[in-house]
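Fit chain B to the supplied structure of chain A, relying on the hints for placement.
If you read the protein sequences in the order shown, they are chains A and B.
When we follow our numbering, the leftmost residue of the first sequence carries the number 19, and every step to the right adds one.
When we follow our numbering, the leftmost residue of the second sequence carries the number 5, and every step to the right adds one.
There could be a bad hint or two in this list.
Said to hold, decoys possible - Listed next, with one range per pair, are the computed distances between beta-carbon atoms:
1) B:Gly83 - A:Arg330: 38 to 44 Å
2) B:Ser192 - A:Asp147: 40 to 46 Å
3) A:Lys276 - B:Gly72: 55 to 61 Å
4) A:Glu329 - B:Thr256: 38 to 44 Å
5) B:Glu73 - A:Phe194: 29 to 35 Å
Please keep in mind that the hints were generated in silico from the structure rather than gathered at the bench.
We treat Cβ as the ideally placed atom computed from N, Cα and C, and that holds for glycine.
Each chain, letter by letter, is given below.
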Amino acid sequence: MGPESDQGSRTTAQSLECEVSTMMQGAMAISSTLAPRLSETPGDSTDVATARHRTSPLRWCVTVLLVLMALQVVYFMFTNPRFEWAVVGKYLFSANVLQGLGTTLLLTVVAMVVGTVIGTIAALALLSDFKPGRVAAQTYLWAFRGTPLLIQLIFWYNLAYLVPKITLGVPFMAPFAEWSTNAVITPFLAALLGLGLAEGAYMTEIVRAGLSSVDTRQHDAARALGMTPAKAFFRIIFPQAMRFIIPPTGNQVIGMAKATALVSVIAMNDLLHSVQIIYNRTYEIVPLLLVAVFWYLAVITLLYAFQSRLERYYSKGHRRDTTEVTPASAHT
Amino acid sequence: MQTLDTSASPQRHVLRLNNVVKRYGSLQVINAVSLDIDEGEVVAIIGPSGSGKSTLVRCIHQLETIEGEAIYLDGELLGYRHEGAHLRALGPRDIARQRRQLGMVFQQFVLFPHMTVEENVMEGPAQVLGDSPADARTRARHLLGRVGLADKVTAYPQMLSGGQQQRVAIARALAMRPKVMLFDEPTSALDPELVGEVLSVVSDLAKAGKTMVIVTHEIAFAREIATRVVFMEGGRIIEQGPAQETLSNPKTDRLRTFLSRVM
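Bound-form chain A, shown alone (with noise of 0.2 Å):
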């Protein structure tokens, strides 16, 4: 056979490619046998080098169906007049809008700093052979995970109803010193609370699976030089789970700044509420809403960005690239 033997790997996704590229050398077995034989004959020059790839005409089909795809969204967007894109222009730069970008922006942080520190000491308390940290670790997933977001909020928003006064001191004793709940959890406050306790029970788990995935014998080789159980986790251990704690934690932090919008419930002047201010007097409903989807498209389009430097940065000492400097067999 000729170079149209030639099919390249094959995956499941291609199957029915396959189905047809066998139909297809079943047609081109015929035409060879009735070509002069030129790949036969002894001390030719064939170099499966020079073959052409071969595209499988179903994947031509595909690709012209989702330009046309595309170009009918296009059409749609810049033609629908609805989309009103000089209002959208208007409002993209506005100080509100950008205040409340600004909001949104610093609560994702923050609350993803609470939320991965609190992780991580709940990711330790469950790891560890101490039962009450266990169970008190279990206990805070349990409902930190088994509760809408939403209604987490809202609650602590609320919690002056519950306990008016925030308090100080020993159970049970006079307190040393106390403080109106009102005054303390101010709506930012309760944002935070809210996302970043909520986080911290998704990054529990994520931080304990990172945790877990590394070998446990580098335990024993950081305990055999000496190191005490602290310098053992942030040297040894912490840098290696961190391998398999940013890829989860990319998607946490891209859900996190979408998740801020739930607190324009609770009247943060977040990027959500602040469009919402600005249609509630205009109606115009569609171009700012889409000011917020540009906003928050713009924040993820940076933060991955900003994770594929984080994950290159990790996976030092585990890149394929460097592992073509000695030849010789990196494991035995």
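The following block gives chain B in isolation, referenced to the frame of chain A:
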């Protein structure tokens, strides 16, 4: 060769095991093992799989806790301290301090994959002993030169062969200036053609007078470099004595049977 200077006074028990017992549940893995090791001695522990020899070195390094009686390093009781008439378990900080005096080389190398070869060797001195980074680096380069890996300092462990990784692991343990080096089957995970390069490094250490305890399956190697051979089976020491003599003329049937199987 600052790592290898041995103390002037010979014949001092640097390591002393007193009726050591280790159980996993009801399974007794180490059964009243007593062993005194002098400075400069090279003790090879041999025996069939499951005889407890790996567990014994892990106990010496306190990677496993023992159920009885006691292990002393340079006269200091490991893992406990006397409090009046009672013994109290040491906290993690004190145990870490005791471990610093022992170097450990594992069967599976266990280098830190996120650090370069040089950083692996620097880690102990810089992070645990508190050496300055510059000193730790100089020391790491020196040790890596001695194990023949001066050209691999910036490589990551994954890029090295098993034999090279194990030599880095030896350099990493030596960097802590340990009183005793412990080897847990250092060549068992290696391809046959890579065993030699690791054994030659261990052999150099033996010649330089380093006190070592080596769990090994390489009988010929034990005969060549060990000052003493300890044969374990079923968690007990069955026979021990000078390496050449014990391996050539075993006194017990069990050692004779074992040697005839492995040689």
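task: Starting from the range 40 to 46 Å, see whether the pair Ser192 of chain B and Asp147 of chain A falls in it by beta-carbon distance.
output: Given about 30 Å between the Cβ atoms, the range is violated.
query: Falls inside 38 to 44 Å, the C-beta gap from Gly83 of chain B to Arg330 of chain A?
result: holds, 43 Å
query: Could one say that the CB atoms of Lys276 of chain A and Gly72 of chain B fall in the range 55 to 61 Å?
result: holds, 60 Å
query: If you check the beta carbons of Glu329 of chain A and Thr256 of chain B, does the distance land in 38 to 44 Å?
result: Hint violated: Cβ distance 58 Å, outside 38 to 44 Å.
- prompt: Is 29 to 35 Å right for how far apart the beta carbons of Glu73 of chain B and Phe194 of chain A are?
  reply: violated, 51 Å
The structure is inconsistent with the numbered hints 2, 4, 5, although it conforms to all the rest.
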